[in-house]
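Each protein sequence line maps, in turn, to chains A and B. Using the UniProt record's numbering, the first residue of the first sequence is number 1, and each one after it goes up by one. Using the UniProt record's numbering, the first residue of the second sequence is number 1, and each one after it goes up by one.
No lab work stands behind these hints: they were computed from the structure. Accuracy of the hints is not assured; some may be wrong.
When chains are identical, the list treats them as one kind, so a pair holds in a single copy or across two.
Claimed, not checked - Calculated pairs, SDA-like style, for lysine to any residue (alpha carbon to alpha carbon, straight line, at most 25 Å): (1) K9 to D61; (2) K9 to K39; (3) K39 to E17; (4) K9 to V69; (5) K59 to V44; (6) K36 to L19; (7) K91 to V28; (8) K39 to E14; (9) K59 to D29; (10) K39 to A16; (11) K59 to A13; (12) K9 to Y70; (13) K9 to N71; (14) K9 to G48; (15) K39 to D83; (16) K59 to D32; (17) K9 to F43; (18) K91 to H80; (19) K9 to G45; (20) K39 to V27; (21) K9 to A101; (22) K39 to D81; (23) K39 to E8; (24) K39 to R94; (25) K59 to G45; (26) K59 to S41; (27) K59 to A16; (28) K39 to A82; (29) K59 to K91.
These numbers come from a predicted model, not from an experiment.
If you want the building blocks of each chain, they are given just below.
Protein chains: 2
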Amino acid sequence: MEARMSIEKLTDAERAEHLPALTGWTVVDGRDAIAKSFKFSDFVGAFGFMSRVALLAEKADHHPEWSNVYNGVDIVLTTHDADGLSMRDVKLARAIDGVAA
Amino acid sequence: MEARMSIEKLTDAERAEHLPALTGWTVVDGRDAIAKSFKFSDFVGAFGFMSRVALLAEKADHHPEWSNVYNGVDIVLTTHDADGLSMRDVKLARAIDGVAA
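Input sequences plus hints: build the corresponding full structure.
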C-alpha cells in the first residue's frame, strides 16, 4: 500500500452494483474500460455535446478518451491512475448520460 | 460526369503542389487521407484548440475525423463526398495549423 492518496480500482462488488446500471455502456474488449457511442443530428449537435462533457470532465479532473466523426461521438472511460475502472468512470458516465439526455 | 456540383479529388499535379507544403501532415496508410497529431500542455489546451477548429470546420462545412486523449489531439482529414483528398482538406489543414500556431 502506498502512503499517497490513490484512486482505487472498482472492487468486484462495486462492479456488480454500478456497471449494469450504466445504460448503453459496454466493457471494452481487452481493457478495463467502458465505452458508449452517441449520435446526434449533425456536427453542431455532436460538438455541443462534447463541449458540455469537456467542462464536466475538466471540473472532475477526469477526462475521456473520445473521437468524433461528423454527428457521432465515441467515448471510452478508464482511470489511468488506477490502471482500470474506478468510481470516477462510473460518475463521469452518469454525468455524460445526463448531458446526452 | 454528374450534372450536380461535385467536389473534385485532388489531381496528381495538385497533390504534388499542395501536400508537401502542409508541415507535419502525413498521408494515412491505406486511405486517401492526411493526418497530424497535436500536443498541448493539458486538456484545456487541447479542447480549446478543438473548439476553435470546430468553429472553422462548421463554417467551411467540412469536418475532421479526430480523437482526443487528455492533452493530445489526432486529426484525420479526407473528403467523403470526393472519396479522397480534395482542396477542402488542404484548406482545412492550413486553417488548423493556423489555429495551432
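Each hint tested on the structure:
Taking the shortest Cα distances, K9 and D61 sit within 25 Å of each other inside one copy (17 Å), while across copies they are farther apart (43 Å). In this homomeric assembly, K9 and K39 never come within 25 Å of each other (Cα to Cα): the closest approach is 30 Å inside a single copy and 28 Å across copies. Taking identical chains as interchangeable, the C-alpha atoms of K39 and E17 are never at most 25 Å apart, the minima being 27 Å within one chain and 37 Å between chains. Proximity of K9 to V69 under the C-alpha cut-off of 25 Å is restricted to the inter-copy arrangement: shortest distance 20 Å between copies versus 31 Å within a copy.
Taking the shortest Cα distances, K59 and V44 sit within 25 Å of each other both inside one copy (23 Å) and across copies (11 Å). Taking the shortest Cα distances, K36 and L19 sit within 25 Å of each other inside one copy (13 Å), while across copies they are farther apart (35 Å). When the C-alpha separation of K91 and V28 is checked against a cutoff of 25 Å, the pair qualifies only within one copy, where the shortest distance is 18 Å, while the shortest distance between copies is 36 Å. When the C-alpha separation of K39 and E14 is checked against a cutoff of 25 Å, the pair qualifies neither within a copy, at 29 Å, nor between copies, at 35 Å.
Proximity of K59 and D29 under a CA criterion of 25 Å is satisfied in neither setting, with 29 Å inside one chain copy and 37 Å between copies. In this assembly of identical chains, the alpha carbons of K39 and A16 never lie at most 25 Å apart, being 28 Å within a copy and 37 Å across copies at closest. In this assembly of identical chains, K59 and A13 lie within 25 Å of each other by CA distance neither inside one copy nor across copies; the values are 28 Å within and 49 Å between. When the C-alpha separation of K9 and Y70 is checked against a cutoff of 25 Å, the pair qualifies only between copies, where the shortest distance is 20 Å, while the shortest distance within a copy is 34 Å.
Taking identical chains as interchangeable, the C-alpha atoms of K9 and N71 lie at most 25 Å apart only when they sit on different chains, with a minimum of 23 Å there against 33 Å within one chain. With identical chains, the CA atoms of K9 and G48 are never at most 25 Å apart, being 31 Å at best within one copy and 30 Å at best between copies. Taking CA atoms no more than 25 Å apart as the test, K39 paired with D83 passes between copies only; the shortest distance there is 23 Å, against 29 Å inside one copy. Taking identical chains as interchangeable, the C-alpha atoms of K59 and D32 lie at most 25 Å apart only when both belong to the same chain, with a minimum of 23 Å there against 38 Å between chains.
With identical chains, the CA atoms of K9 and F43 are at most 25 Å apart between copies only, with a shortest distance of 23 Å across copies and 35 Å within one. Taking identical chains as interchangeable, the C-alpha atoms of K91 and H80 lie at most 25 Å apart only when both belong to the same chain, with a minimum of 15 Å there against 36 Å between chains. Taking the closest pair of Cα atoms, K9 and G45 never come within 25 Å of each other, the shortest separation being 33 Å inside a single copy and 28 Å across copies. Taking the shortest alpha-carbon separations for K39 and V27, only the intra-copy value of 19 Å comes in at or below 25 Å, while the best inter-copy value is 28 Å.
Proximity of K9 to A101 under the C-alpha cut-off of 25 Å is found in neither arrangement, the shortest distances being 28 Å within a copy and 39 Å between copies. Taking CA atoms no more than 25 Å apart as the test, K39 paired with D81 passes between copies only; the shortest distance there is 20 Å, against 30 Å inside one copy. Within a single copy, K39 and E8 get their C-alpha atoms no closer than 32 Å, and across copies no closer than 28 Å, so neither meets the 25 Å cut-off. Only within a single protomer do K39 and R94 lie at most 25 Å apart by alpha-carbon distance; the minimum there is 17 Å, versus 28 Å between protomers.
Taking identical chains as interchangeable, the C-alpha atoms of K59 and G45 lie at most 25 Å apart whether they share a chain (22 Å) or sit on different chains (14 Å). Only between protomers do K59 and S41 lie at most 25 Å apart by alpha-carbon distance; the minimum there is 17 Å, versus 27 Å within a single protomer. Taking CA atoms no more than 25 Å apart as the test, K59 paired with A16 passes in neither setting, with 27 Å inside one copy and 46 Å between copies. Only between protomers do K39 and A82 lie at most 25 Å apart by alpha-carbon distance; the minimum there is 23 Å, versus 30 Å within a single protomer.
With identical chains, the CA atoms of K59 and K91 are at most 25 Å apart within one copy only, with a shortest distance of 12 Å there and 34 Å across copies.
Against the hints set out earlier in the document, violations occur for numbers 2, 3, 8, 9, 10, 11, 14, 19, 21, 23, 27.
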